[in-house]
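Chains as they are written, first to last, in the working numbering: chain Z, 30 to 294; chain V, 6 to 216.
Keep in mind that the hints were calculated from the coordinates and are not lab data.
Built from N, CA and C at the ideal position, the CB exists for glycine as well.
A couple of the hints might just be wrong.
Now the in silico label distances, taken between C-beta atoms and shown as ranges [claimed, not checked]:
(1) Z:Arg110 x V:Tyr201: 26 to 32 Å
(2) V:Gly40 x Z:Gly97: 32 to 38 Å
(3) Z:Ala71 x V:Gly40: 43 to 49 Å
(4) Z:Ala55 x V:Gln211: 35 to 41 Å
(5) V:Lys112 x Z:Gly60: 38 to 44 Å
(6) Z:Ala71 x V:Gln211: 47 to 53 Å
(7) Z:Ala55 x V:Gly142: 42 to 48 Å
(8) Z:Pro186 x V:Ala39: 58 to 64 Å
BS3-like mimics (lysine-lysine), calculated; alpha carbons at most 25 Å apart, straight line [said to hold, decoys possible]:
(9) V:Lys80 x Z:Lys68
(10) V:Lys162 x V:Lys203
(11) Z:Lys68 x V:Lys51
(12) V:Lys80 x V:Lys51
(13) V:Lys112 x V:Lys80
(14) V:Lys112 x V:Lys162
(15) V:Lys112 x Z:Lys68
(16) V:Lys141 x V:Lys155
(17) V:Lys166 x V:Lys203
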Amino acid sequence: MNETERRPKVTLEDLLQLKRAERPSAEFWSGFDRTLRAKQLAAIVETRPWWRTWTARKTLVRVCMPLGATALLAISFSSVRVASVKPQKNIAVNSEVVVQTPVVLGESIATQGNSVPATATQTVALAQSEAARSDSSDSLALVKITPTTGFSGTASPEQLLASGTATVKAAGQALAQLVGLEDYVSTSPVNARSNVVEPLTQVATPRDSRRTRLLAYSVTFDPHAADSSAAVRSRDRVTHRLSDEAVYDSITRLGLSGDRVSIKF
Amino acid sequence: MDVASKALQKPLVVSPERQLEADSDRIIVQRVQAGEVAAFDNLILKYRERVFGVIYNMTSNREDAADLTQDAFIKAFQSINRFQAQSSFFTWLYRIAVNSTLTHLRKAKLRTFFSFEKITDEDKTAELVNQMTDKKGADRDLYIRELQEKLNEAMMKLSIKHRTVVTLFEIEGVSHEEIAEIMNCSVGTVRSRLHYAKQLLQAELQRYINP
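Okay, chain Z solo, but in the shape it has when bound (with noise of 0.2 Å):
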């Protein structure tokens, strides 16, 4: 019989019962205690970190986290947004007017939302108030407007409001003929607007002038020319192709009289 065999044995409780009993002396407590104090000392002194104190606060990371998220979720959803508008070419507004029966009381304007689709027909029903009170015989405007060039679903903010002053004018327009209004059009503030002229676009500028005076001075030189209007508008044509030195040049290197023609080098 061996020696491991003749061992009483205990159970591994008993056994794990036996860590309890490793405990260090009393010597070490005091070293222990001295240690500690100088760490809790130092740890009182010492400054923390600015970035550990704003760690610690769950609650400001909480509620910075989700509101970084947002923003940086709706500032890229925005620019990407206005990255994909492109600039819109001249939109054509085709109206047809259509007449009803019967009467329509009140005015109402069907519109679909800011996003207008690309096959969409804004249909603007009016009725005139004084239309309302009379005989039921009146009749009722529709105005139809289809836009036929192509309208994004994402318009902008310019783009909707381009369609909705066409759309008010269309609809002026209509309002106007079934009233008898015909000098509405021209005194309507939307038109009246259209038709002011700005002040700096009067104002010729130097290179217009120049231009002014050479052409001028080509003319004096063909008076069999000078009268046609084809000729003037091949020359004018030309005028604004070349630049202003190209002209200059052209102009003072040639040289016609008569039956000859001189050139400059």
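Here the structure of chain Z is known, so what remains is to put chain V in place on it, guided by the hints.
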């Protein structure tokens, strides 16, 4: 909601002694939070041996255990104003100590070496040793030393989490619910880990224990 959160929401089943202890700790903590820094020394004196015992049995190194115990008390002192008494101070302090030790063990996995305390000659220990061996004198000391080494070797073969559960439950006498709160896991996980760890220990120490 995960299992650990559910476990934390359940009220802990604690003994009346533990409840009295928690109440007295709460009063001391309130004094420290009010600015009476010296009151924290009472908590250090009360818990230093228990915290050291947990860390020592997890690391099997007395110097590391001393450093980690001091660090745990410093961290508790620095964060005492954030302690909201949702759990007992004892559980909170143990959680700090266990987390610091787990971090340390993960960092120092490859450079582990052991340094053990001597087994004290108390009446209870002597009785236990008498059950294990009938040797006297130097042979008895040699046998106890061998048993201690084998036990620590078997403990260090366990994973960190299994070792922690065994240390807290079998050596320190912490309940399953409190271990679940300290380790931030469910009670079922604690029981499962404990069962698995004891099976491994029995396999390692079968020469010394009865089946």
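Hints, verified against the model:
1. Z:Arg110 x V:Tyr201: 26 to 32 Å: 56 Å, violated
2. V:Gly40 x Z:Gly97: 32 to 38 Å: 36 Å, holds
3. Z:Ala71 x V:Gly40: 43 to 49 Å: Violated - the Cβ-Cβ distance for alanine 71 of chain Z and glycine 40 of chain V, about 20 Å, lies outside 43 to 49 Å.
4. Z:Ala55 x V:Gln211: 35 to 41 Å: 37 Å, holds
5. V:Lys112 x Z:Gly60: 38 to 44 Å: 25 Å, violated
6. Z:Ala71 x V:Gln211: 47 to 53 Å: 48 Å, holds
7. Z:Ala55 x V:Gly142: 42 to 48 Å: Hint violated: Cβ distance 26 Å, outside 42 to 48 Å.
8. Z:Pro186 x V:Ala39: 58 to 64 Å: 60 Å, holds
9. V:Lys80 x Z:Lys68: At roughly 11 Å apart (the allowed maximum being 25 Å), lysine 68 of chain Z and lysine 80 of chain V satisfy the hint.
10. V:Lys162 x V:Lys203: 12 Å, holds
11. Z:Lys68 x V:Lys51: 19 Å, holds
12. V:Lys80 x V:Lys51: Roughly 17 Å between the alpha carbons, so the hint for lysine 80 of chain V and lysine 51 of chain V holds.
13. V:Lys112 x V:Lys80: 19 Å, holds
14. V:Lys112 x V:Lys162: Given that 25 Å is the threshold and the Cα spacing comes to 17 Å, the pair holds.
15. V:Lys112 x Z:Lys68: 22 Å, holds
16. V:Lys141 x V:Lys155: Distance ~20 Å between lysine 141 of chain V and lysine 155 of chain V Cα, so the pair holds.
17. V:Lys166 x V:Lys203: 13 Å, holds
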